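Q: Each chain is listed here by its residues.
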Amino acid sequence: MLTKADLEEILQVARRGGNFAEIFLEKKETTKIGCEAGKIERVISGSEQGAGIRVLRGEHTAYGYTNALDKESLIALARRVGSAARENPDTRVSLATRNSQLALPVDQRPDEAEIDKKTALVWAADRAAREVNEELVRQVTVNYGDAIQQVTIANTEGTYVEDERIRCRLAVNVVAAEGDVIQTGFEAAGGTRGLELFETEAPWELGLKAARRALLMLNARRAPAGRMAVVLAGEAGGTMIHEACGHGLEADLVQKRLSVYAGKKGEQVASELVTVIDDGTLEGKYGSFRFDDEGNPARRTVLIERGILQNFMYDYLTAARDQELPTGNGRRESFQHKPIPRMSNTYLVPGDASPNEIIRETKTGLLVRRMGGGQVNTTNGDFVFEVAEGYVIKDGEVSMPIRGATLTGNGPEVLKQIDMVGRDLGFAIGTCGKDGQGVPVSDAQPTIRIPELIVGGILEEEGERD
Amino acid sequence: MRETAKRDERELVAAVVDVARKGGAEMAEAYFARGEELVVEVRQGEVETLKIAREEGIGVRVIRAGRLGFAFTSNLNWPAVKKTINDALANVRTASEDPYHSLPDPPAAYPDLNLEDPTLRDIPLAEKIEKAREIERAGHAFDSRIKLTERATYEEAHYQVTIANSRGLLASYRGSFCGGYAVLVAAANGEQETGFGLQFTRKFKELDPGKIGREAASKAISLLGARRLETKRVPVVFDPYVVTNFLGIIASALTAEAVQKGRSLFAGKVGKTVAAKGVTVVDDATLPGGLLSAPFDGEGVPAQHTVLIKEGQLQGFLHNTYTAAKDGVASTGNAARGSYKSPPELGSTNFYLTPGESAPEEIIKGTSQGLYLAEVMGMHTANPISGDFSVGAAGIWIEHGELTKPVRGMVIAGNILELLETVDAVGNDLRFFIGKGAPTIRVTGLTVSGK
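These protein sequence lines map, in sequence, to chains P and X. According to our numbering, the residues represented by the first sequence are 806 to 1271, in order. According to our numbering, the residues represented by the second sequence are 1076 to 1526, in order.
What the hints contain is simulated information worked out from the structure, not anything from laboratory work. Since we're looking at a predicted model, the values are computed, not measured. There is no bait here: all hints are sound.
With a straight-line cut-off of 27 angstroms between C-alpha atoms, the simulated DSSO-like cross-links for lysine-lysine are:
(1) X:1416 with X:1158
(2) X:1401 with P:844
(3) X:1157 with P:837
(4) X:1336 with P:1014
(5) X:1416 with P:837
(6) P:833 with X:1157
(7) P:832 with X:1158
(8) P:832 with X:1157
(9) X:1286 with P:1061
(10) X:1158 with P:876
(11) P:1070 with X:1222
(12) X:1336 with P:837
(13) X:1416 with P:922
(14) P:832 with X:1416
(15) X:1416 with P:1239
(16) P:837 with X:1158
(17) P:1168 with X:1307
(18) P:1061 with X:1222
(19) P:844 with X:1416
(20) P:833 with X:1158
(21) P:876 with X:1416
Here are the simulated distance ranges between beta carbons:
(22) X:1413 with P:1228: 42 to 48 angstroms
(23) P:939 with X:1526: 42 to 48 angstroms
(24) P:1130 with X:1493: 49 to 55 angstroms
The beta-carbon is built from N, C-alpha and C at its ideal position, and this holds for glycine as well.
Based on the sequences and whatever the hints tell you, model everything.
A: Encoded structure:
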């Protein structure tokens, strides 16, 4: 095992090449259980370890990683990564341990639980989904995963953090079919929690919800196409906020002027009803952590307050450039990746309208009760997200379900348009991809109304318009 | 058993299989992979990020009483490997029984593919950095409205795979590739648009950095001033890259796994017409120069050329050893393994839509009104089971056979089967983007939603 003194020595070697050096050591034990077609098809145990060394010289980053965790290999890697930058005089590094105030307690560690307990969760979800409708539910896929990640992070500024992150996740995907129509329903829960997570997020309930959604969509009509008012329910998840504004507020994109929000701190970028927060300290949420992957404590950062752009999400490098403090948003998928600014748990703060009232006051439009995946082009702010469960709103009433809709809009335009914000708040989990790195995140929003969004549906041939 | 830290990979995988057998596995397999990567990212001529890396690991698959267990480790010290074998054996107990689990026999021979550029390691780093710089320079020189570099990279990878199983299979190969990638930003009148260009090749000397940069630049410039148009149903001409985005969905639906599990839109359609006559879809792991070419798949089954859709008619599906046993056919060598961290799945190799006769310019010229689709956004939200898709779209409006004004912020929606059936023109410009290839195509009508 590497001692603090070993790490100091490795960092000193790496530091010769630049003005900042960092080492990220990781050991990760994972369990995955996959169930499909009523069978436990996959039971996978994994053990990964490795180290990433980063050397910064001004604006230049050199990064290297290896699976070898012995001191000799790491000194060799430090020399290689250090020499990728330029020579610098030697300096002494002394590390001081950082502790976190944040507990993020775990009651039932997944590595201490019997595998049978985990498979029971999987079976419960599978059974519940099938029982909803034995005939129309054609396929149920349940994936369980847990990970225990141990990290040691040390850098030439003296930061030394040892941390353990524990996460559990369960996802259910249901395929329902009737005649030629095939539809799917998805539901997932996850958190920085142990197996106690599934006491509140019951697997059977996830299975039930996923199956019901798939069945509902069998009777859905194709989405109308064109521009209309959209109500996003609180339970819909926060994909829209994640895409429409979250990514654009990551400091690397801002600094490279690849974000429509660049240079707009202090400006009105959204309706006064809009306050957006990124908070890595929320207990148990999927995007929570004690320390980010650079050893900075997780924080609550107000990004937009009453429509005014307040702050961006920073990692070490981008914070130094802007002479700001890191906001604890330096994250990476694993030792194989350099840290970059990423979201944690991002949400739009609830307002005071009642969700029902928002629907009632919308004469015609679309109600989105569940969002699926999304994507944004941060350079121009255009985003898309899919509607996993949606309904037509007619005369202020929720009417028939629709399927196959994708909504598109422009981040800044949409944020300025939001004219009603509800008092509810619903979270959803996801894996956020950026620069080829996936990290766990969660996002949330209350029920909101956007007066105009483009709904992508299908125009039928003449006379058959839905 | 020697307790030494390092040993030859062929010895290692053979030892793992041996120990797993002695531990009670009826069948056992060990899969070793090592990868090295170099990534150079430049901005304004300076190296912004340089990444050097090396990773290795081993995945152990065991079968006992019709049950499958899997475990992996990146720690190749013998005690860690032994623990991994035990984990795999322990996982067998939890898995469900399935009589079709099996491992392939050693084949008579493997195709001889030239996967390595032996000169690649000897080329100095400075020369590789220069390739990334050239990409960026060419892009910025293309047009003064190219203002920013989101990304200009040179990348290279070296890899080695060794596999052994208890039926006596023992095989390995090495490979390498290199390439460049650019995402450039064009700006004018307070608006910004991005465009990308890429090229990956087995041979360093085949890399054309100037072309990568110019492609990214011209795509970004072409979208400047893009506007949203009225919702309309029109013919749509697909750029080859956009077609490869759709091929991803088709590839997963053409796996026997999707069919056997009732989640393929092609199920029960072998021998039937599923696409227009001009549509032929092939998976070919033996393709010369193909980025996903390899002498064998993730289980050691020899690489093959498989025709999936021939002139619109569905021929069959992609198989690995498991799905082949279940259907009583032979594996097509499509056990895909992204890394040592997962057991083989089913996946495509070099998967492409074969080219037709028409030049892409002729296809545009023959379109009186429509959309030239240059970019789609949110492709991962398309439903691979129903085939329904609804994605963000950007491109150039076609009027009287000419590319006119750029459009963005629109959505195209439809169903992948309908899309395949309505292809009425196939270009002669087949291009590969890593593992997927396609020419320009045109479909007769899609709803393009906007205002």
